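J.: Sequence:
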Amino acid sequence: MKKEDEKFASSTVMEGMVSIRAVLSSDNGRKIEEILYDKARSEAKMKEIAYLRHRGEELGFEVKAVNSEEIDKKCIGNSHGGLIALCSERTLPSLSENDISGDFWVMLEGIEDPYNFGYCLRSLYAAGANGIIVPPRNWMTAAGVVCRASAGASELFKIFISDSAEAAKLFHKKNFAVIAADKTKDSVSIYDADIKRPLLLIVGGEKRGITHAALAECDKVVSLDYGRDFPAALSAASAASILAFEIFRRGRK
Numbered sequence: 001m002k003k004e005d006e007k008f009a010s011s012t013v014m015e016g017m018v019s020i021r022a023v024l025s026s027d028n029g030r031k032i033e034e035i036l037y038d039k040a041r042s043e044a045k046m047k048e049i050a051y052l053r054h055r056g057e058e059l060g061f062e063v064k065a066v067n068s069e070e071i072d073k074k075c076i077g078n079s080h081g082g083l084i085a086l087c088s089e090r091t092l093p094s095l096s097e098n099d100i101s102g103d104f105w106v107m108l109e110g111i112e113d114p115y116n117f118g119y120c121l122r123s124l125y126a127a128g129a130n131g132i133i134v135p136p137r138n139w140m141t142a143a144g145v146v147c148r149a150s151a152g153a154s155e156l157f158k159i160f161i162s163d164s165a166e167a168a169k170l171f172h173k174k175n176f177a178v179i180a181a182d183k184t185k186d187s188v189s190i191y192d193a194d195i196k197r198p199l200l201l202i203v204g205g206e207k208r209g210i211t212h213a214a215l216a217e218c219d220k221v222v223s224l225d226y227g228r229d230f231p232a233a234l235s236a237a238s239a240a241s242i243l244a245f246e247i248f249r250r251g252r253k
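Quick note: the sequence shown, position 9, residue 9 per the working numbering, numbers continuous.
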């Protein structure tokens with residue numbers, strides 16, 4: 001089993017059926033090259049293996065029975081259930097004005113952990129965000145960890161690369177409001193702010209936060225109210241979840 005500190009390494013090994021189904025359902029350019037399953041679990045996984053063999057015939061990948069040790073050597077986690085997919089890389093395109101569709105996008109900046117990044121994507125996908133923007137340095141290199149943490153959302157989302165300030169300018173051209181989540185002297189509580197779609201929400205990590213250049217492009221800065229005095233920032237995943245579902249609530253017909 002790989003050590004936990006190897007979660008930061010590049011990986012395109014998708015662990016478990018949820019992640020594998022997400023890759024099969026996506027159209028982002030990532031391909032499954034081979035699927036390995038633990039032959040000791042073949043009877044318990046009969047339906048999944050039959051389904052994967054059928055998809056393999058359609059898409060041109062092999063499904064192979066191997067020892068559990070071979071699977072464990074390739075994995076970071078232990079929640080794969082005896083099924084992994086070896087996949088190709090996914091190239092994230094640079095954001096252009098023509099890529100923007102829908103009315104709710106999120107820029108994730110400064111997130112320092114692939115699990116936190118994946119948890120953000122899981123909540124944002126559930127809340128109905130149309131697409132995600134990330135900086136050039138991002139956690140999609142650790143695709144297997146991110147896919148597992150996001151319950152497959154990372155493979156289903158449209159994800160583009162852009163500098164946050166440049167992204168804000170592009171969305172302004174498309175008549176989007178640009179809102180950052182940060183605690184500043186000028187920030188307004190998310191619960192008191194006038195928030196309307198179309199909207200780009202910028203969320204920063206709890207340590208590095210959002211760049212000054214991006215904040216300068218924002219129409220509004222919103223913050224989260226706490227139930228008591230507490231000096232610490234929420235994790236990016238917690239903050240993104242609360243913000244995204246408040247935006248979803250406001251947009252319900």
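Since the hints were derived computationally from the structure, they do not count as laboratory data. These numbers were taken from a predicted model, which means no experiment stands behind them. Warning: the hint list may mix true and false statements.
Unchecked claim - Straight-line C-alpha distance at most 25 angstroms; calculated PhoX-like pairs for lysine-lysine:
no. : residue 1 : residue 2
1   : 169       : 158
2   : 158       : 183
3   : 158       : 185
4   : 173       : 207
5   : 196       : 169
6   : 169       : 31
7   : 220       : 183
8   : 45        : 64
9   : 220       : 207
10  : 174       : 207
11  : 173       : 220
12  : 173       : 158
J.: For each hint, tell me whether it holds in the structure or not.
T.: Evaluation of the provided hints:
For the suggested pair residue 169 and residue 158, the alpha carbons sit about 19 angstroms apart, so the restraint of at most 25 angstroms is met. This hinted pair does not check out: residue 158 and residue 183 have alpha carbons roughly 28 angstroms apart, beyond 25 angstroms. The hinted pair formed by residue 158 and residue 185 fails the criterion: a straight-line CA distance of about 34 angstroms is larger than 25 angstroms. Proximity of residue 173 to residue 207 is assessed by CA-CA distance (about 30 angstroms); at most 25 angstroms being required, the pair is judged violated.
Pair hint residue 196 plus residue 169 holds up; C-alpha atoms about 18 angstroms apart against a cutoff of 25 angstroms. Restraint check for residue 169 and residue 31: the C-alpha separation of about 33 angstroms exceeds 25 angstroms, so the hint is violated. Note on residue 220 and residue 183: the hinted pairing holds, with a Cα-Cα distance of about 12 angstroms set against a maximum of 25 angstroms. At most 25 angstroms may separate the alpha-carbon atoms for a hinted pair to count; residue 45 and residue 64 meet this at roughly 13 angstroms.
For the suggested pair residue 220 and residue 207, the alpha carbons sit about 21 angstroms apart, so the restraint of at most 25 angstroms is met. Of the pairs offered as hints, the one joining residue 174 and residue 207 is violated, with about 31 angstroms between alpha carbons and a cut-off of 25 angstroms exceeded. As the CA atoms of residue 173 and residue 220 are separated by approximately 16 angstroms, the hinted pair is consistent with the 25 angstroms bound. Restraint check: the Cα-Cα separation between residue 173 and residue 158 comes to about 20 angstroms, which is no more than 25 angstroms; the hinted pair holds.
When the structure is compared with the earlier hints, violations turn up for hints 2, 3, 4, 6, 10 and for no others.
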